Amino acid sequence: MSQIAVVDYGMGNLRSVSKALEHVVTTQDVIVTSDPEKIHNADKVVFPGQGAARDCMKELAERGLVEPVLQAAAEKPFLGICMGAQVLLSHSEENQGVDCLGLYDGEVRFFGEGHRDAQGQLLKIPHMGWNQVHYKTHPMWQGIEQDSRFYFVHSYYMAPADDAIVMATTDYGHEFVSAIGRGNVFAVQFHPEKSARDGLQLLKNFTQWDGKED
Amino acid sequence: MSLAKRIIPCLDVRDGRVVKGVQFVDIRDAGDPVEVARRYDAEGADEITFLDITASSDDRDTIVHVVEHVADEVFIPLTVGGGIRKVEDVRRMLNAGADKVGINTAAVFNPEFVKEATDRVGSQCIVVAIDAKKVSGEGENNRWEIFTHGGRKPTGLDAVEWALKMADYGAGEILLTSMDKDGTKSGFDLELTRTISDAVSIPVIASGGVGNLQHLADGVSKGGADAVLAASIFHFAEYSVQQAKQYMAGQGIEVRL
Chain A
40 MSQIAVVDYG MGNLRSVSKA LEHVVTTQDV IVTSDPEKIH NADKVVFPGQ GAARDCMKEL
100 AERGLVEPVL QAAAEKPFLG ICMGAQVLLS HSEENQGVDC LGLYDGEVRF FGEGHRDAQG
160 QLLKIPHMGW NQVHYKTHPM WQGIEQDSRF YFVHSYYMAP ADDAIVMATT DYGHEFVSAI
220 GRGNVFAVQF HPEKSARDGL QLLKNFTQWD GKED
Chain B
2 MSLAKRIIPC LDVRDGRVVK GVQFVDIRDA GDPVEVARRY DAEGADEITF LDITASSDDR
62 DTIVHVVEHV ADEVFIPLTV GGGIRKVEDV RRMLNAGADK VGINTAAVFN PEFVKEATDR
122 VGSQCIVVAI DAKKVSGEGE NNRWEIFTHG GRKPTGLDAV EWALKMADYG AGEILLTSMD
182 KDGTKSGFDL ELTRTISDAV SIPVIASGGV GNLQHLADGV SKGGADAVLA ASIFHFAEYS
242 VQQAKQYMAG QGIEVRL
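Sequence lines, in order, name chains A and B.
The first sequence begins at 40 in this note's numbering and counts up by one.
The second sequence begins at 2 in this note's numbering and counts up by one.
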């Protein structure tokens with residue numbers, strides 16, 4: 040049976056991610072694992088995560104998962120979620136600066152305190168709740184209407200150097216990148232596993248995705 | 002278009018069952034948290050909050066199983082509060098599938114607990130619940146104080162200062178309940194909501210007093226809340242969450258429809 044591995048490195052809501060995947064798979068097997076070999080053998084890999092960038096990178100290193108995760112991102116359909124998306128960039132401003140996986144050039148930046156919207160209302164940090172996702176055509180968005188709302192909770196956002204990897208943007212005081220991807224990699228800032236019907240659709244799309252951009 | 006204001010139904014759970022008489026005509030078992038949660042999800046609830054009011058701390062396992070069952074089937078954010086005293090309690094709820102954990106009384110008696118919890122699991126998982134009551138007299142400047150034990154015991158803590166302290170200690174969100182308004186169905190304490198919401202840089206959920214849809218809208222447009230929480234108006238099927246959203250959208254409030 041083909042297998043989807045959810046990478047377990049001690050950071051976050053793995054149960055929610057795996058249950059949501061189990062909800063949408065038809066024949067695939069969903070496993071939660073921190074075993075490099077199982078990640079290597081899986082057909083698809085989901086890389087979730089929440090918490091601080093420093094802790095994420097530390098846990099990945101201590102568990103010997105940096106190489107297996109990068110290897111998976113190099114060769115098979117790969118879905119990063121939240122912190123699992125942010126650490127794909129080269130560097131994060133969080134925790135006085137943290138070097139990340141560096142799959143793509145770019146910085147993870149703080150939204151900033153005292154941010155206000157066009158009406159002068161104070162924008163709260165974390166950016167928490169349902170916001171609209173404006174996407175570029177990609178198989179992962181199939182069956183999802185343009186500008187649908189997904190559930191976000193984060194204080195830092197991705198600022199990739201290369202616009203070509205931007206797969207969606209969202210507005211919170213200013214426009215920020217809410218999804219990135221290239222080739223077999225797709226990664227989202229929001230939580231599809233907590234985004235009701237559209238989130239489940241995105242996960243379903245991943246279970247059916249062949250890892251190509253069109 | 003930007004971030005939507007959230008509507009959060011709140012369910013009281015005792016010994017694994019939904020209490021306060023949730024009444025849906027077409028629901029098989031109105032005491033089953035999974036069924037009720039599924040129903041709210043279908044109506045478009047943005048999150049669901051469970052408040053565990055189980056009397057005995059020996060029965061904490063029950064709420065953990067409730068969270069597991071709900072999280073396995075309902076794919077929107079879940080918050081659990083009630084009886085959370087140790088980081089271990091927080092971890093158990095998160096591992097069971099909760100996205101956020103509410104800390105109330107334990108924060109008052111041991112503020113460092115909030116720091117410890119946010120440090121261990123991240124700010125985004127910790128909601129500090131604040132029960133406040135107006136203590137200023139007629140003609141005085143507004144002043145609210147933190148109360149415990151269902152609004153019976155004053156703590157001497159100023160609500161604004163407390164909210165700022167909790168935000169500083171890493172709380173990701175504040176669930177603000179007016180003990181003057183709770184259960185009255187006369188609307189939120191909008192001055193309290195506005196004062197706290199303007200004071201802190203983290204999201205504020207308004208709670209306590211909702212009796213109709215205008216009250217929900219006022220919580221956002223007048224109180225400045227980022228989210229509104231209500232129990233009875235949804236439970237007794239007076240209004241559906243969807244109706245509430247349509248109503249708020251009609252007043253120009255951004256919601257997820």
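Hints are not guaranteed to be accurate.
With the C-beta cut set under 8 Å, the calculated list includes, among others, these residues of chain A facing chain B [unchecked claim]:
{"#": "1", "residue": "Arg54"}
{"#": "2", "residue": "Ser55"}
{"#": "3", "residue": "Lys58"}
{"#": "4", "residue": "Lys97"}
{"#": "5", "residue": "Ala100"}
{"#": "6", "residue": "Gly103"}
{"#": "7", "residue": "Val105"}
{"#": "8", "residue": "Asn170"}
{"#": "9", "residue": "Tyr174"}
{"#": "10", "residue": "Pro178"}
{"#": "11", "residue": "Gly182"}
{"#": "12", "residue": "Ile183"}
{"#": "13", "residue": "Gln185"}
{"#": "14", "residue": "Phe215"}
To list a few chain A residues with every Cβ distance to chain B over 10 Å, as calculated [as the list claims (entries may be wrong)]:
{"#": "15", "residue": "Met40"}
{"#": "16", "residue": "Phe149"}
{"#": "17", "residue": "Glu152"}
{"#": "18", "residue": "Gln171"}
{"#": "19", "residue": "Thr176"}
{"#": "20", "residue": "Ser194"}
{"#": "21", "residue": "Asp210"}
{"#": "22", "residue": "Asn244"}
Just so you know, these hints were derived from the structure itself, not from any lab.
Nothing here was measured: the structure is a model prediction, and the numbers come from that model.
Positions of the beta carbon are idealized from the N, C-alpha and C atoms, including for glycine.
Status of the hints after comparison with the structure:
Nearest Cβ of chain B to the Cβ of Arg54(A): about 5 Å, under the 8 Å cut. The hint holds. The closest approach between the C-beta of Ser55(A) and any C-beta of chain B is roughly 6 Å, which is under the 8 Å cut-off, so the hint is satisfied. The interface hint given for Lys58(A) is met, as the beta carbon of that residue sits about 5 Å from the closest beta carbon of chain B, less than 8 Å. Evaluation of the Lys97(A) hint against chain B yields a violated restraint, the C-beta minimum of about 14 Å exceeding 8 Å.
Interface restraint check for Ala100(A): the shortest CB-CB distance to chain B comes to about 19 Å, outside 8 Å, so the restraint is violated. For Gly103(A), the suggested interface contact is broken, since its CB lies about 23 Å from the closest CB of chain B, more than 8 Å. Among the interface hints, the one on Val105(A) is violated; its C-beta lies about 21 Å from the nearest C-beta in chain B, farther than the 8 Å criterion. Below 8 Å, beta-carbon pairs count as interface contacts, and Asn170(A) has one with chain B at about 5 Å; its hint therefore holds.
The interface hint given for Tyr174(A) is violated, since its Cβ lies 14 Å from the closest Cβ of chain B, which is over the 8 Å cut-off. This hint is violated: Pro178(A) has a C-beta 21 Å from the nearest C-beta of chain B, more than the 8 Å allowed. Taking 8 Å as the C-beta cut-off, the interface hint given for Gly182(A) is violated, the closest approach to chain B being about 16 Å. Using the Cβ-Cβ criterion of 8 Å, the hint placing Ile183(A) at the interface with chain B is not satisfied: the shortest such distance is roughly 14 Å.
The criterion of a C-beta within 8 Å of any C-beta in chain B is not met by Gln185(A), whose closest approach is roughly 12 Å, and the hint is violated. Among the interface hints, the one on Phe215(A) is violated; its C-beta lies about 11 Å from the nearest C-beta in chain B, farther than the 8 Å criterion. With a cut of 10 Å on Cβ distances, Met40(A) stays outside the contact zone with chain B, its closest approach being about 21 Å. With a closest Cβ-Cβ approach of about 12 Å to chain B, Phe149(A) is found to remain outside the 10 Å limit, as its non-interface label requires.
Not every CB of chain B lies more than 10 Å from the CB of Glu152(A), the least distance being 6 Å, so the non-interface label is violated. Not every CB of chain B is more than 10 Å from the CB of Gln171(A) (nearest about 5 Å), against its label as outside the interface. At roughly 20 Å from the closest C-beta of chain B, the C-beta of Thr176(A) stays outside 10 Å, upholding its exclusion from the interface. The Cβ of Ser194(A) sits about 8 Å from the closest Cβ of chain B, inside the 10 Å cut-off, so the non-interface label is violated.
With 10 Å as the threshold on Cβ separation, the claim that Asp210(A) sits away from chain B is violated: the shortest Cβ distance comes to roughly 5 Å. Separation of Asn244(A) from chain B is adequate, the least Cβ-Cβ distance of about 15 Å exceeding the 10 Å criterion.
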